[in-house]
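Trainee: Sequence:
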Amino acid sequence: MNRRMVVFLLSRILFFEALLMLPSFAVGLIYGEAGTAALCFLPVVGVLALLGLLGLKKPKNTAIYAREGFVTVAAAWVLMSLFGAVPLWLSGAFETFWDCIFEIVSGFTTTGASILPSVEQLPHCILFWRSFSHWVGGMGVLVFVLAVMPMSGERSMHLMRAEVPGPVVGKLVPRMRDTAKILYAVYAALTLILIILLWAGGMPLFESICHAFGAAGTGGFSVKNAGIAAYDSTYIHVVLSVFMLLFGVNFSLYHLILIGKWRNAVKSEELRTYLGIIAAAVALITVNTFTRELGVGLSLRNAFFQVSSIITTTGYATVDFNTWPALSKMILVLLMFFGACAGSTGGALKISRIVILFKAGRQEVRKLLHPRAISVVRVEGKPIGADLLRATLAFFLLYIVCLALGVLLLSIGGHDFETNFTATLACLSNIGPGLGRVGPTGNYGFYSGASKILLSFEMLAGRLELFPIIMLFSPITYRHKTK
5 MNRRMVVFLL SRILFFEALL MLPSFAVGLI YGEAGTAALC FLPVVGVLAL LGLLGLKKPK
65 NTAIYAREGF VTVAAAWVLM SLFGAVPLWL SGAFETFWDC IFEIVSGFTT TGASILPSVE
125 QLPHCILFWR SFSHWVGGMG VLVFVLAVMP MSGERSMHLM RAEVPGPVVG KLVPRMRDTA
185 KILYAVYAAL TLILIILLWA GGMPLFESIC HAFGAAGTGG FSVKNAGIAA YDSTYIHVVL
245 SVFMLLFGVN FSLYHLILIG KWRNAVKSEE LRTYLGIIAA AVALITVNTF TRELGVGLSL
305 RNAFFQVSSI ITTTGYATVD FNTWPALSKM ILVLLMFFGA CAGSTGGALK ISRIVILFKA
365 GRQEVRKLLH PRAISVVRVE GKPIGADLLR ATLAFFLLYI VCLALGVLLL SIGGHDFETN
425 FTATLACLSN IGPGLGRVGP TGNYGFYSGA SKILLSFEML AGRLELFPII MLFSPITYRH
485 KTK
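First residue of the sequence shown: 5, per the numbering used here; consecutive thereafter.
Check each hint, because a few of them may be wrong.
Label pairs and their in silico Cβ distance ranges [as the list claims (entries may be wrong)]:
1. Thr481 - Pro329: 45 to 51 Å
2. Arg276 - Gly39: 52 to 58 Å
3. Val405 - Met334: 20 to 26 Å
4. Arg276 - Leu46: 48 to 54 Å
5. Tyr482 - Glu273: 37 to 43 Å
With a cut-off of at most 30 Å between alpha-carbon atoms, the simulated DSS-like pairs for lysine-lysine come out as follows [what the hints assert, rightly or not]:
6. Lys363 - Lys271
7. Lys265 - Lys363
8. Lys185 - Lys271
9. Lys185 - Lys62
10. Lys185 - Lys64
11. Lys333 - Lys228
12. Lys386 - Lys265
13. Lys386 - Lys185
14. Lys371 - Lys386
15. Lys371 - Lys271
16. Lys363 - Lys333
17. Lys185 - Lys61
18. Lys265 - Lys185
19. Lys271 - Lys386
20. Lys363 - Lys386
If you are wondering where the hints come from, they were derived from the structure by calculation, not from laboratory data.
Backbone N, C-alpha and C define an ideal beta-carbon position, used for all residues, glycine too.
All chains should be modelled from the sequences, with the hints used to inform the complete structure.
Mentor: See the structure below:
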């Protein structure tokens, strides 16, 4: 393993984290929190800047292979979370450092799970940092680094592959750095449009920015104790619902639209499946939750918002879906597994993997019925190779193992099954709220420190899609030299 290159990249990433903390410091100055902002952010910025000095001298060997890519990405997310938690700890708003770790990991991984029963008493600079961590983690900090820092050759592809969610990561243009720039340009443009629309709908500018960060990164942190339910506005609910769905779409489709190939984007099998699942879920929940008191309009609005929020793994809530009928809650749990499209800011399994798994299962049934028939799994009209199919099946198996093991370990600390199961699922799929005590009106503060660390690990594993975190803590990763 090229350890010097890994250290070089990590130092550069930590330096960028120092820069990313400066907007939060500026927010503190704007809102008259200079003392709090200086105490919380400046010491951390100074330490990160000093660590960034390690990246001034580039090593002679700059090669990055798959092993270095996965280790760098996983280590970067762990280190960023550790340093990112320090401002929260210095703010004095959290009881333990483990609470700070849980909160900022939830932020960077765009999970949106919180241990705080009340957020409105937090300083504006801390509220901004929580929400901004969603925006940074949504597209990926390594993608951001690739956009601004040139990498040698095509080895940067290993960094992109290790961080961008989905079974396949491709280049939109020949140079990986240009691909990263396109992704972040689309991401930033959609975020800016959402901020303007929320502001135009009567939401204060600061709150518009924070909630737009949460929707863009499909995170879910709010600056209100009641979350989005605090805004009794059909306009705001609909705008957020639509944009959550937009951020759940594969960003490569936006690139196709920008270059005039919108027909190819519309023909995407994953997009059609994604929209079909949303339509079916909204219709079923609307019918299931309909009452004369609510009426069709409010039932539809609530169903549309919650389906948009859960399938994109954002986690915002306008109603307490914990009180919904069993059918509606079961549909939401299934959506927690499905997730959004590959190449989006959403978490969970991803629609593309669901499509591949479904078609692979159908192929096996056909082979049983017609052993001599030759059948090929096709997605987007193209045959799926054995390597991709094997990787998809392996990911699904590891996902289920991590979920089952997480629930088992979490149950050691007590609490009911519904709470522990959906808490683990919500953290692994980077959703945030679950059912039971971790429902939309609850929080994760009642869990022990050990349980919070376990759930933080689940959040990181889910955001990085398991393999980078597994490789980071696997001894075999460091045992052999890369050939």
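Trainee: Evaluate each hint against the coordinates.
Mentor: Right, here's what the structure says about each hint:
| no. | hint | verdict |
| --- | --- | --- |
| 1 | Thr481 - Pro329: 45 to 51 Å | holds, 47 Å |
| 2 | Arg276 - Gly39: 52 to 58 Å | holds, 54 Å |
| 3 | Val405 - Met334: 20 to 26 Å | holds, 23 Å |
| 4 | Arg276 - Leu46: 48 to 54 Å | holds, 50 Å |
| 5 | Tyr482 - Glu273: 37 to 43 Å | holds, 40 Å |
| 6 | Lys363 - Lys271 | holds, 18 Å |
| 7 | Lys265 - Lys363 | holds, 27 Å |
| 8 | Lys185 - Lys271 | holds, 25 Å |
| 9 | Lys185 - Lys62 | holds, 23 Å |
| 10 | Lys185 - Lys64 | holds, 26 Å |
| 11 | Lys333 - Lys228 | holds, 24 Å |
| 12 | Lys386 - Lys265 | holds, 18 Å |
| 13 | Lys386 - Lys185 | holds, 28 Å |
| 14 | Lys371 - Lys386 | holds, 20 Å |
| 15 | Lys371 - Lys271 | holds, 28 Å |
| 16 | Lys363 - Lys333 | holds, 27 Å |
| 17 | Lys185 - Lys61 | holds, 25 Å |
| 18 | Lys265 - Lys185 | holds, 19 Å |
| 19 | Lys271 - Lys386 | holds, 13 Å |
| 20 | Lys363 - Lys386 | holds, 13 Å |
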